[in-house]
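Colleague: We have chain A already, so just place chain B on it with the hints.
Number of protein chains: 2
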Amino acid sequence: MKPMAAISSQELVKGVFEGRISAIARMITRAESGDKDSEEALGQIYKASRNAHIVGITGVPGSGKSTLVAELCKTLRKGGRKIGVIAVDPTSPFSGGAILGDRIRMGELVGDEGVFIRSMATRGALGGLSRATLPAVDILDAAGYDMIIIETVGVGQDEVDVVRSAHTTVVVSAPGLGDDIQAIKAGILEIADIHVVSKCDRSDANKTISELKNMLAIGLGLSEPSAWTPSVIATSATKNEGIDTLAEAIDAHLDTLKKSGEWQTRRLAMAEMRLLKTAEDILRDQFERHRAGKVQALVKQLTDAEIEPHGAARKLLKDVWKEILQ
Amino acid sequence: MKPMAAISSQELVKGVFEGRISAIARMITRAESGDKDSEEALGQIYKASRNAHIVGITGVPGSGKSTLVAELCKTLRKGGRKIGVIAVDPTSPFSGGAILGDRIRMGELVGDEGVFIRSMATRGALGGLSRATLPAVDILDAAGYDMIIIETVGVGQDEVDVVRSAHTTVVVSAPGLGDDIQAIKAGILEIADIHVVSKCDRSDANKTISELKNMLAIGLGLSEPSAWTPSVIATSATKNEGIDTLAEAIDAHLDTLKKSGEWQTRRLAMAEMRLLKTAEDILRDQFERHRAGKVQALVKQLTDAEIEPHGAARKLLKDVWKEILQ
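In order, the protein sequences belong to chains A and B.
Counting from 3, one number per residue, gives the positions in the first sequence under the working numbering.
Counting from 3, one number per residue, gives the positions in the second sequence under the working numbering.
Calculated from the structure, these hints are not laboratory results.
Please read these numbers as outputs of a predicted model, since none were measured by experiment.
For every residue, glycine included, the Cβ atom is placed at its ideal position computed from N, Cα and C.
Some clues are possibly wrong.
Stated by the list, open to error - Some chain B residues close to chain A (C-beta under 10 Å, calculated; not the full set):
#	residue
1	23
2	77
3	148
4	234
5	293
What the hints assert, rightly or not - To list a few chain B residues with every Cβ distance to chain A over 12 Å, as calculated:
#	residue
6	27
7	83
8	114
9	203
10	205
11	212
12	230
13	241
14	250
15	251
16	253
17	269
In isolation and in its complexed conformation, chain A is listed as follows:
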């Protein structure tokens, strides 16, 4: 095999379309590096047929998401489907990249060519949902993966972002995580197509399940009528319970989306999210490019209260605009 630098983007794109693992991994790395050179290649990949079922799995820390994803992969593999997993981890300034936890937990899947797992760090202060996450989904899609799982850790913005990037969203809760969790559930209730209560071997699991069902019942009265009614699935990774039910529910959700008119609505929402996120990425790149120059001068003025934030931001947008157009 040629050394990495010698492989052109066009060769990589060809490799991705042929489903070659090494090409997929390298193309994702190029997407992460964000170099101009890979833009055209990623554009071609985006335009390639998109047949994958994109599933977002999210939940609070400690909810056992990673274990659940690993079990789900094993179950889905029995049907022969090719599964891609993109795990978006919080930034680890020390490791300089994704935390290895997820990869370790998914160790049992190593050696199965039908499962591709990639951990990604969020991009520090200016990141959010890592900018390479959605290009990575495109790459796996174009490479012929049947289902692509985006796993996010966290509460708040990322949950909302992931639902706009997935056809089906699974929100994982766990018993015994305290009061604050309930408050957060209220916020993510609306975004879940499927609720999972993990660790259901625990004695306090029933309490969590019934609380969740109560909240859903209240929510149903307030939300738009839909062809799909979110369900609550109890799972236990240690007892290997509920995973089949979850796999079936994920398939059933896609089926319902496609049979109802909601498939197109969801795809449009995903594209809208993608458009805004990409525009923001371009803005951030420009900001980085001008950091030592125009940005620094404005930051100094702002610190000394010689200018106010809105005026400064307008000035920055104006100054960097010419280059954005190039």
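Modeller: Frame of chain A, contents of chain B only:
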């Protein structure tokens, strides 16, 4: 008192500078509404002298942040300082605003004119750290509050954002929140000036404290040398332990920042964060404004893969640009 609509922004600014509670509350509401009319007023407020100590308090759900903030306020009030609290909650689609939990927990502080508490929702899909958070901090600063606490729920992006908006950052952990928490701690380790382990009446608290200290010891070797060494403070809200120590550490951190050269570095970093966030807000506003027109057309093309995301985003930026300049 005049009806709300009749009060001009200039009258409100005057009221804020005089420290009047009703003017502060109304000005924050105008900042939240994001109307053009309040921009000039918020600019004036930003430029007013900024003497407040801004403290970010963050941590995972279930860590007992809100209780800690309430106890901290009570302790700080003994010294006579005026305290402002901005609590940024995850979006609750059902309540249409901030969850009331924090306000309820802080009930004991009601009636104390020296403490101003405001809960804010994050702004759904396009929010992150709510765009009114930093203007609200400016308002409280200009109104003469000595310390302003920004409390955020969540893990990931918000933590990193809050540290860039605060002079002093406190990260709260709690015992018994499971394995994933440890992974997240690795991510937020570097951003904390002070670590708190809450709920230290629990028997498993010592384990959390020593794990945290071990991680800090590893981190110290990797990070830049600094005048300040992050400490780990054990607190118990039920036993009212450790809160005095925390209050002292927060003061000591500011003192160290000011005596070392790091004060200016931190202020520049805060202004840089502010600049980028404001530029992004302007972009999002434009996006909203064109949602039914230019955006919809591009989204349709993107969904049909007639265009790729980068090209679409450049086109959008170009199309909406003229109006940004106005």
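Colleague: Can we confirm that no CB of chain A comes within 12 Å of the CB of residue 212 of chain B?
Modeller: Correct as stated: the minimum Cβ-Cβ distance to chain A is 19 Å, above 12 Å.
Colleague: Can we keep the residue 234 of chain B interface hint, with Cβ of chain A closer than 10 Å?
Modeller: Because about 17 Å separates residue 234 of chain B from the closest Cβ in chain A, which is outside the 10 Å limit, the hint is violated.
Colleague: Please check whether the beta-carbon of residue 230 of chain B is more than 12 Å away from every beta-carbon in chain A.
Modeller: holds (17 Å)
Colleague: Does residue 114 of chain B clear chain A by more than 12 Å, comparing its Cβ with all Cβ atoms of that chain?
Modeller: The claim stands: residue 114 of chain B keeps its Cβ more than 12 Å from every Cβ of chain A (closest is about 24 Å).
Colleague: Is the Cβ of residue 253 of chain B farther than 12 Å from every Cβ of chain A?
Modeller: holds (23 Å)
Colleague: Interface hint check: residue 293 of chain B, Cβ to nearest Cβ on chain A, cutoff 10 Å. Holds or violated?
Modeller: This interface hint holds because 8 Å falls under the 10 Å limit.
Colleague: Going by Cβ atoms, does residue 269 of chain B stay more than 12 Å from chain A at every point?
Modeller: Label violated. Min Cβ-Cβ 5 Å, cutoff 12 Å.
Colleague: Non-interface claim for residue 250 of chain B: all C-beta distances to chain A beyond 12 Å?
Modeller: Non-interface label on residue 250 of chain B holds, nearest chain A Cβ at 27 Å vs cutoff 12 Å.
Colleague: Over 12 Å to the closest beta carbon of chain A is the bar; see if residue 203 of chain B clears it.
Modeller: holds (15 Å)
Colleague: Minimum C-beta separation from residue 241 of chain B to chain A exceeding 12 Å: can you confirm that?
Modeller: Non-interface label on residue 241 of chain B holds, nearest chain A Cβ at 18 Å vs cutoff 12 Å.
Colleague: Does the interface hint hold: is residue 148 of chain B within less than 10 Å of chain A, judged Cβ to Cβ?
Modeller: violated (19 Å)
Colleague: Going by Cβ atoms, does residue 251 of chain B stay more than 12 Å from chain A at every point?
Modeller: holds (22 Å)
Hint violations for this structure: numbers 1, 2, 3, 4, 17, all remaining hints satisfied.
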